[in-house]
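Novice: Here's the letter readout for the chains.
Number of protein chains: 2
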Amino acid sequence: MKNYQYTSISGTEQNNAYEVTHVSQLKEYVDRTVIMHGSIYKIRKMKGFSFLILRTARFCIQCVCDDKELLNELQEETCVRMEAEVVREERAKLGVELHVKHLTILSAPAALMPVVINGKLMETSLETKLDFRPLTLRNEKERAIFKLQEGILRGFRSFLQENGFTEIHSPKIVYAGAEGGVNIFKLDYFGREAYLAQSPQFYKQMMVGVFERVYEVGPIFRAEKHDTARHLNEYTGVDFEMGYIESFHDVMEMEAGMLNATLTMLEQEYSFELELLGVRLPRIETIPALKFSEAKALVAERTGRVFRESHDFEPEEERLLSEIVERDTGSEFVFVTHYPAQKRPFYVMEDPENPGETLSFDLIFRGLEITTGGQRIHDYEMQLQKLQTRGMDPEAFESFLMMHRHGMPPHGGLGLGLERFTARLLGFENVRQACLFPRDINRLTP
Amino acid sequence: MKNYQYTSISGTEQNNAYEVTHVSQLKEYVDRTVIMHGSIYKIRKMKGFSFLILRTARFCIQCVCDDKELLNELQEETCVRMEAEVVREERAKLGVELHVKHLTILSAPAALMPVVINGKLMETSLETKLDFRPLTLRNEKERAIFKLQEGILRGFRSFLQENGFTEIHSPKIVYAGAEGGVNIFKLDYFGREAYLAQSPQFYKQMMVGVFERVYEVGPIFRAEKHDTARHLNEYTGVDFEMGYIESFHDVMEMEAGMLNATLTMLEQEYSFELELLGVRLPRIETIPALKFSEAKALVAERTGRVFRESHDFEPEEERLLSEIVERDTGSEFVFVTHYPAQKRPFYVMEDPENPGETLSFDLIFRGLEITTGGQRIHDYEMQLQKLQTRGMDPEAFESFLMMHRHGMPPHGGLGLGLERFTARLLGFENVRQACLFPRDINRLTP
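Chains as they are written, first to last, in our numbering: chain H, 52 to 497; chain R, 52 to 497.
Hints listed in this document are in silico derivations from the structure and should not be mistaken for laboratory results. Some hints here could point you the wrong way.
Copies of the same chain look alike in the list, so a pair counts if it fits in one copy or across any two.
[To be verified] The calculated DSS-like cross-link candidates involving lysine-lysine, where the alpha carbons are at most 30 Å apart (straight line), are:
1) K180 x K437
2) K119 x K78
3) K237 x K152
4) K180 x K152
5) K93 x K192
6) K276 x K237
7) K171 x K394
8) K93 x K180
Given the structure is predicted, the values throughout are model-derived calculations rather than measurements.
Can you make the complete structure from the sequences, with help from the hints?
Specialist: Written as structure tokens, this is what we have:
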């Protein structure tokens with residue numbers, strides 16, 4: 052019988068290949084030799100030597116190289132591994148630079164870049180930026196946006212975990228839309244019509260009956276035909292839902308706490324990116340809240356402008372409201388509560404003392420709505436009646452109604468758009484700037 | 052001018068509403084009164100009093116109630132808030148029980164349960180379990196599966212974070228399939244044909260050029276027509292991809308490390324669920340690896356069974372291989388490497404010393420493939436040629452090729468199916484048992 056040889060994978064080696072990547076580590080190695088890898092982000096020819104900027108996983112590091120033969124071979128975006136001495140250099144951004152002793156080319160580009168990615172600013176249109184996304188994301192500042200986005204989610208998750216929320220994963224191919232039938236993508240599912248989920252609404256409510264508090268981070272699909280600076284057809288939704296609330300104020304309290312914890316984490320762990328992008332973080336002490344009808348009146352009164360009578364805000368009203376509230380209270384966030392029932396979905400609870408107004412809210416941050424939330428109907432009869440009043444067929448929502456029929460606690464929750472929050476935090480006009488590979492009515496690539 | 056009143060949301064109240072939920076907390080309150088909320092999971096009538104089992108977010112707690120009037124009103128699945136005294140009781144599972152002093156009904160079910168959810172075991176078919184998912188997930192053991200699944204992801208994420216991976220979110224509506232054209236869902240995207248992503252493959256590779264190491268957790272869509280115990284049409288994929296590898300062994304090392312760290316976290320933080328479900332965690336010291344061709348021969352030789360000559364395993368071969376390897380080495384995991392190129396996608400690197408064999412691997416755990424990974428092609432010419440050899444149109448993959456053309460480090464990665472891993476860990480025969488709301492060729496609800 053042949054003697055079969057097993058190779059052994061121990062799982063303990065994974066750090067060895069990583070070597071030095073953090074600047075904090077580098078500073079410990081001054082006057083010593085380190086092994087680094089990365090991509091040559093930029094070459095600046097000087098007299099008798101060149102500066103090479105090495106792009107590593109998180110930082111760009113200035114290197115000095117005087118090997119002429121080597122320099123002749125090197126191009127920008129070549130991937131290298133180098134041995135280098137760490138030298139203190141006050142003029143370098145990081146306080147140290149690397150003197151290259153030995154450099155190995157791991158892979159070289161096959162063509163010149165079609166777009167300049169290594170300038171201080173990316174001087175190109177958003178369209179071009181997006182067309183060449185696999186390349187333009189290599190820009191130091193461009194990628195810092197998404198490093199911060201990682202930090203935002205880490206902040207959210209760690210806060211929610213600490214507050215007893217269980218992470219769930221609900222299906223994105225669904226049998227019914229939660230947010231109304233217009234903006235929904237249809238799909239052929241083995242001969243049946245199915246849809247792409249507009250939100251995890253039904254599922255997170257069901258899961259409140261199971262875990263009491265749940266959250267989900269996942270794609271949200273909206274077949275909106277508007278091509279605006281605030282809409283994406285696919286975005287990353289952060290949804291949470293909590294049971295045993297006393298009112299929808301509990302949900303707003305939870306969100307304020309989550310945002311606060313997240314801003315603190317960003318300040319502590321992402322100062323490099325915050326500084327690189329010149330981000331001014333908002334402060335949250337308390338977030339002011341006012342009713343939709345009052346907010347409407349406030350904007351009209353203070354600006355003297357007339358807006359359409361409607362059950363929703365126009366984007367311009369949200370912007371003006373934000374300005375007024377900031378002037379009045381210093382807060383860049385404002386909750387607007389009690390939206391009219393006409394504009395809210397069928398699962399939202401109406402104010403028993405004032406039917407027609409819902410126990411719901413939006414959070415507006417620097418002029419843009421980033422969150423919609425509220426209390427949901429938990430009573431079976433109430434939910435059934437609401438469906439019927441709206442002319443919807445209860446049969447179609449049988450598995451949703453199942454949870455109401457068999458006991459649900461009072462509950463509420465919210466959905467937050469990750470790209471919108473990131474964009475407002477970083478001061479971008481267009482939400483696409485905060486999305487790695489945006490999808491809109493005209494864009495399906497890359 | 053009217054004086055507008057802002058309400059203040061401070062974000063510091065969110066813990067107050069939570070009160071006592073953890074057993075560890077309860078034990079500190081022995082002989083004192085606590086406020087608890089939850090759902091009445093089970094009522095057991097005794098002489099002169101009843102046992103109520105209160106289902107809270109994570110634990111079920113035995114309560115004693117002797118208020119006859121109240122007991123007449125209470126049904127199972129009623130949501131309540133109670134004041135109760137914590138009493139030491141050695142015979143109770145948790146070492147304490149609650150003596151109800153005051154109980155408020157927050158909401159009551161409107162109908163009797165169509166399926167028994169509060170027995171020790173859910174004695175019902177998988178079909179029924181899934182049909183009534185919003186209810187059957189309330190079963191103590193059923194929900195523990197998904198609490199453990201949360202723990203698995205927490206373990207993965209925390210390991211990847213510590214090892215320098217950046218979390219990304221790539222689009223699920225895509226312009227081309229990464230894994231071949233058959234098992235792909237088609238979509239009408241504003242008049243254009245689009246697809247649901249079969250994997251984040253292209254995007255995670257692109258992002259290696261940006262962050263060096265990236266990971267994503269998100270839905271994976273496969274329009275497979277098989278109705279088997281191992282397939283889902285939508286599942287949660289855990290994908291990571293890492294640059295500057297020396298060989299695909301680096302990827303396997305990383306996975307072994309990730310699994311090890313995760314099993315440790317489960318042991319430390321999820322012992323309650325592990326015990327409840329009677330889970331035996333596997334041990335990882337080293338994971339044995341062997342080549343596909345050798346693995347095929349090994350199974351044939353040891354079992355004397357003849358399998359189809361093919362470029363892949365049959366499920367039965369995977370199962371037998373697992374048994375043999377466990378007998379030989381004690382490991383419940385086994386890496387199979389060097390799969391034939393015919394069965395692997397166009398982005399997989401072939402062994403330069405042995406073309407036809409790929410630098411790829413599967414991880415088999417307790418008889419089921421849970422991961423596919425390997426080294427990818429990073430060289431532009433090589434990738435271009437591979438597409439052409441396969442008769443694929445490079446034009447269609449322009450934004451994928453963009454990254455190769457402009458410099459990519461040697462890199463590799465893997466994709467792991469969360470539900471498959473969970474199912475094998477918990478010893479389930481059917482992967483649907485480890486998915487909250489499974490989608491298969493026949494099932495689109497709930």
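Novice: Each hint: holds or not?
Specialist: Hint-by-hint comparison with the structure:
1. Taking the closest pair of Cα atoms, K180 and K437 come within 30 Å of each other only across two copies (28 Å); inside a single copy the shortest separation is 46 Å, beyond that limit.
2. Within a single copy, K119 and K78 get their C-alpha atoms as close as 28 Å, which meets the 30 Å cut-off; across copies the closest is 72 Å, which misses it.
3. For a Cα distance limit of 30 Å, the shortest separation of K237 from K152 qualifies neither inside one copy, at 59 Å, nor across copies, at 53 Å.
4. For the identical chains of this complex, K180 and K152 are neighbours neither inside a copy (36 Å) nor across copies (65 Å), given an alpha-carbon limit of 30 Å.
5. In the homo-oligomer, the alpha carbons of K93 and K192 lie at most 30 Å apart inside one protomer (14 Å), although the nearest pairing across protomers, at 57 Å, exceeds that limit.
6. For a Cα distance limit of 30 Å, the shortest separation of K276 from K237 qualifies both inside one copy, at 14 Å, and across copies, at 19 Å.
7. When the C-alpha separation of K171 and K394 is checked against a cutoff of 30 Å, the pair qualifies neither within a copy, at 45 Å, nor between copies, at 45 Å.
8. For a Cα distance limit of 30 Å, the shortest separation of K93 from K180 inside one copy, 19 Å, qualifies, whereas the shortest one across copies, 59 Å, does not.
Hints 3, 4, 7, counting from the list given before, are not met by this structure.
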